[in-house]
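Student: Using the supplied hints, reconstruct the complex from the two chains, each of which is provided in its own coordinate frame.
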Amino acid sequence: MKAKSLRIFSLSAIVLAALAIQTGCKQGNGNQDYDLSKIDTVVTGTVTAELTDAPNVPKPLTYTSPKRVMVKLDVIEKVMNISDSSQYTFWTFGGHVPGKFIRVRQGDLVDFTLYNHPDSKLTHNIDLHAVTGPGGGAEASSTAPGQSTHFQFRALVPGLFIYHCATAPVPLHIANGMYGMILVEPQSGMPKVDKEYYVMQGDFYTKGKFDAPGLQDFDEEKALAENPDYVLFNGKVRSLVGKGALTAKVGQTVRLYVGNGGPNMVSSFHVIGEIFDKVYQEGGSEVNRGVQTTLIPSGGASIVDMKMEVPGTFVLVDHSIFRAFNKGAIGQLKVSGKEDPSIFKPIKN
Amino acid sequence: MMIRNSAILIILFSFTFSTGFVGGERNYAEKKMVRIPGGNFTPFFRLPNSQPIHLKPFLMDETAVTNQEFLEFVKANPQWRRSRVNRLFADSNYLKYWESDLSVGEKNKVLYNSPVVYVSWFAARAYAKWRGKRLPSVAEWEMAGEARPLNTKYKKLTDLILAWYQKPNPKVLPPVKSTYKNAYGLYDMHGLVWEWTFDFNSFIKSGDSRANTQDELQLFCASSSLYVKDKDDYASFLRYSYRGSLKGNFCIGNLGFRCAKDLK
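The listed protein sequences correspond, in order, to chains E and L. Here the first sequence is numbered in our numbering, starting from 4 and rising by one per residue. Here the second sequence is numbered in our numbering, starting from 5 and rising by one per residue.
One should not assume that every hint holds.
[What the hints assert, rightly or not] Here are the computed lysine-lysine pairs in the DSS-like style, where the Cα-Cα straight-line distance is at most 30 angstroms: (1) E:K124 with L:K36; (2) E:K225 with L:K171; (3) L:K235 with E:K212; (4) L:K157 with E:K70; (5) L:K268 with E:K124; (6) E:K212 with L:K159; (7) E:K351 with E:K198; (8) E:K210 with L:K235; (9) E:K330 with L:K171; (10) E:K225 with L:K235; (11) E:K81 with L:K36.
[Said to hold, decoys possible] With the C-beta cut set under 8 angstroms, the calculated list includes, among others, these residues of chain L facing chain E: (12) S96; (13) N97; (14) Y246.
It is worth saying that the hints were derived from the structure and are not from the lab. Even glycine gets a Cβ: it sits at the ideal position worked out from N, Cα and C.
Just chain L, with the same shape it has in the complex (with noise of 0.2 angstroms):
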């Protein structure tokens, strides 16, 4: 008995190994994650009955993808090219900016350590699985974004958020790590762009702030507001708002990704 739970234990651990292998090209250097403790997460958008959410610990990418990571990912799987990926996967504004289907480009060298933006939902969701990881959940990316800011000089988190909010995107993005680190040791939470979930488009399905229909009733303006956490927190009523008008294969300017990870 004992022997075969050790031999099951190998043939995981080999498989492990083999899809970091997979994942690790020569030159990548292990993204630093970071460990996010678990714990119960009030979502934003509540029923009367709903329940906190409970959440395990996991692991968290430090900082957004950036272009060099994103690039060689793009080098070893041809079909994420931009030539060649299919457009029910990303709209026709895919890696855009990017000079050819596998340079960043001279002119966008500034860019190289900044977040890859113009990434579709599937290819973000592609990236981290070949990374060995996966895209965090609303709830864990909330829960990870709402820790305290260490360098700032915003006192409320909330007014560096809508600080942001407000500011039109800047010309030239900045390199992660730009912005400020948090609590848990995350950089750029908030701040630099917004993050794809992987549930992205779970908690509001109309981008009406008010709508109507029955299944969304408790959670709109008017009668909803009455429904969410905190209804003066405008900057995650914007984020929520944000995710809601999401597709899958939109490709914006101001949306990357970071990835996440179950801790073993």
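Bound-form chain E, shown alone (with noise of 0.2 angstroms):
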């Protein structure tokens, strides 16, 4: 009994140990970051924030101190085809879903207009997660059609962050495409790599089965069952298949940011064929490696970073497997070069 304790005890000591050590190699490597108090906040310079629409990602930002970053998003209200057949009407920031990227740098003082069309037909506003502040900015932004509002926040937490609207009843807008991302690059910066691409996936509720022709109305009963029509990539039936595909070539690294804006459905995110080499956890700084799958919930977001080592198409899914075989949740990225027999090759008999 005595001498089981004690081995207990060196064990743990052990274990203890062992996890100074990891932590003592992390603060050295990048996770300064997130000492609040020792990030540059003094801003020289203003600049307007370059916004994209999926899957294309705003550039690598070059400067290396805070600035003022100018940012206006429009809202605007519109029909638009979710499949082939079928046509609904999205609510957008920017007309699109999702809504544009934005990207700025850690210790950035975010200067943000939500303006909204004088089209639409009703009160909209913006909950950004990257923000420190009431409501994400929601309670500073409800604006009226035709109306714009205003507000500034310091971006303090680096990562990638997802927004939305946050109006009443919140489930609505988001249902109807109100979402979009934000990243957030740390002042350390973030490893280069060849490629990078918007995903955002979705879940829709139409009265009409998926792809049943004509505008079809949004079904609060399904919604409120968690029971969506369409699980999608990028607000669209087949937007990252055939000519949307995503692409890229042989020996390149491919990073995507992948956001989940719900309402309801927790993504299973899977590229069929690779295995992420890197995982920004949650879209925060703890990286994973060696992901099969990466779990991305309702309203958060992930980072993934896979080095191409043969050609081909690799297939984006929500693993959750029934949504890419029939509701939509799957898109492609072709590889073009040269094979590599060591890494994989055919066999014929």
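Tutor: Structure, rendered in structure tokens:
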């Protein structure tokens, strides 16, 4: 009995020591970005943020000290195809689902304007998960049609964050496509990659079934039952397939900024035929390696890096696989280049 | 004593008459008003200890105020012309689609009988006063608007409303009486334009549906959807959010009004 407890004691000591070493290493490795008392906040100069529609991502930032960053998002309500035969009235940040991708740097002072198009039927606002402040900006940004609102926030914490409309009833605004993403690059920078893309999942609820012809109304009962007709990447069936497919070359490292607007579904994000070399879990600082499928919560995000070793078509799915097969949660990454039989080769009999 | 009372009555009567006279231009056919029975109204947002609001019977315009009707008001009240209006009382969008100060315009002929929009709360209130009327309260408007639809394909009123909310504004605003009539005899309470109410922003102060300041704690989403009459009533949430984002001088393309009046 005595010997056993001694053994347990010495084991725990070793584990503790190992943990201590690990933590020590980490602090020298980018984690100063999370000591908010040490980040640089002295603003010099003003820039206008580059905003992009999915699957494009704004260019990596080249400035190395905090700026005042001007961001203006337009709220536009419009009818678009949700599939080849079905139309839906989407409520958007910038005219597409998902909304514009915003890229800022930790320490930046973001000067944010929300403009609600005069043709809008409804009032909208914005809650950015990157904001430290009441409602994530929503309280300061309730905007009637034809009006604009204005607020300012400090990008304190680095990471990949989603934003969404938070006007009552919040679930309806999100279900109609009102979400997008904002990346806050750490002051120590992010490792460079060859290709960056923007992918965002969302679930949709329509009166008609999947791909039923004509303009479809929102179905509140299906939404409450969390039973979507569509689970989509980038707001439309086949938006990332064929001509819309993402592309890369053998030898390149591809980074996907993946978000999940919900409103209901949690994504089991997977790329068929690849293993994520790095996953910035939940869009934060913790990097996991060698991941097959990463969980992306509703209202959350993830950054995945993968080096493409061989050519072919790699398929993006929500591995809750009925959604990929029947509800639209499917995309393609087409990789061109030389075969590498040492990694993969089909063998004919 | 009796005599004195009658004298007061006569004075009151003549006062009412003269107000009516000033209000009615010669070519103004008295707009039809509908009697809305009173009753107890349960507000959409309420605190656990809230009591229903008791409403007396009142009169309400059968339709929203049209461009033609509003033009008469602007002609009679120069301070409400587009070029003269005080910006504190109407923003720069005030009547912006009219051809000029005193003309809706030949190209807008199709709009003469459509609801006037791009009018502020101050302008709507002034119009009502000029007609010897007033703006309905939120409670009055909501009670009047809850009545069963008569001539529509929708089984439930909520479905009709949600379907309208989800359609972008039409290029040309249809005339009044073009949507549906409700059991009280009111036209287009939902489905044509949003309408100003007297106390439009007294129910929601913040546009954030999950506001977290103390006075609003119980009114909003996460904590708050517990305190609404029916948390599945998305149509009402949308309407109250819209009202909550307004300021008195806002002039918006899908926002008009209709008047109410006390029953004598």
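Student: Give a verdict on every hint.
Tutor: Hint check:
At most 30 angstroms may separate the alpha-carbon atoms for a hinted pair to count; K124 (chain E) and K36 (chain L) meet this at roughly 28 angstroms. Of the pairs offered as hints, the one joining K225 (chain E) and K171 (chain L) holds, with about 20 angstroms between alpha carbons and a cut-off of 30 angstroms not exceeded. Restraint check for K235 (chain L) and K212 (chain E): the C-alpha separation of about 26 angstroms stays at or below 30 angstroms, so the hint holds. This hinted pair does not check out: K157 (chain L) and K70 (chain E) have alpha carbons roughly 56 angstroms apart, beyond 30 angstroms.
With a C-alpha separation of about 37 angstroms, the suggested pairing of K268 (chain L) with K124 (chain E) is violated against the 30 angstroms cut-off. Between K212 (chain E) and K159 (chain L), the direct Cα distance comes to roughly 21 angstroms. Compliance with the 30 angstroms bound is thereby established for this hinted pair. For the suggested pair K351 (chain E) and K198 (chain E), the alpha carbons sit about 34 angstroms apart, so the restraint of at most 30 angstroms is broken. For a cut-off of 30 angstroms, the pair hint linking K210 (chain E) to K235 (chain L) stands: about 20 angstroms separates their Cα positions.
Distance restraint check for K330 (chain E) and K171 (chain L): the Cα-Cα separation of roughly 24 angstroms lies within the 30 angstroms cut-off, and the hinted pair is therefore satisfied. Between K225 (chain E) and K235 (chain L) the alpha-carbon distance is near 16 angstroms, which keeps this suggested pair within the 30 angstroms criterion. Between the alpha carbons of K81 (chain E) and K36 (chain L) the distance comes to roughly 36 angstroms, so the proposed pair goes past 30 angstroms and is violated. For the restraint placing S96 (chain L) at the interface with chain E, the shortest Cβ-Cβ distance is roughly 10 angstroms, beyond the 8 angstroms limit, so the hint is violated.
Annotation: N97 (chain L) was flagged as interfacial toward chain E, and the flag holds, the nearest CB pair being 6 angstroms apart, inside 8 angstroms. Proximity of Y246 (chain L) to chain E holds as hinted, the smallest CB-CB distance being about 5 angstroms (cut-off 8 angstroms).
Checked against the numbered hints above, the structure violates hints 4, 5, 7, 11, 12; every other hint is satisfied.
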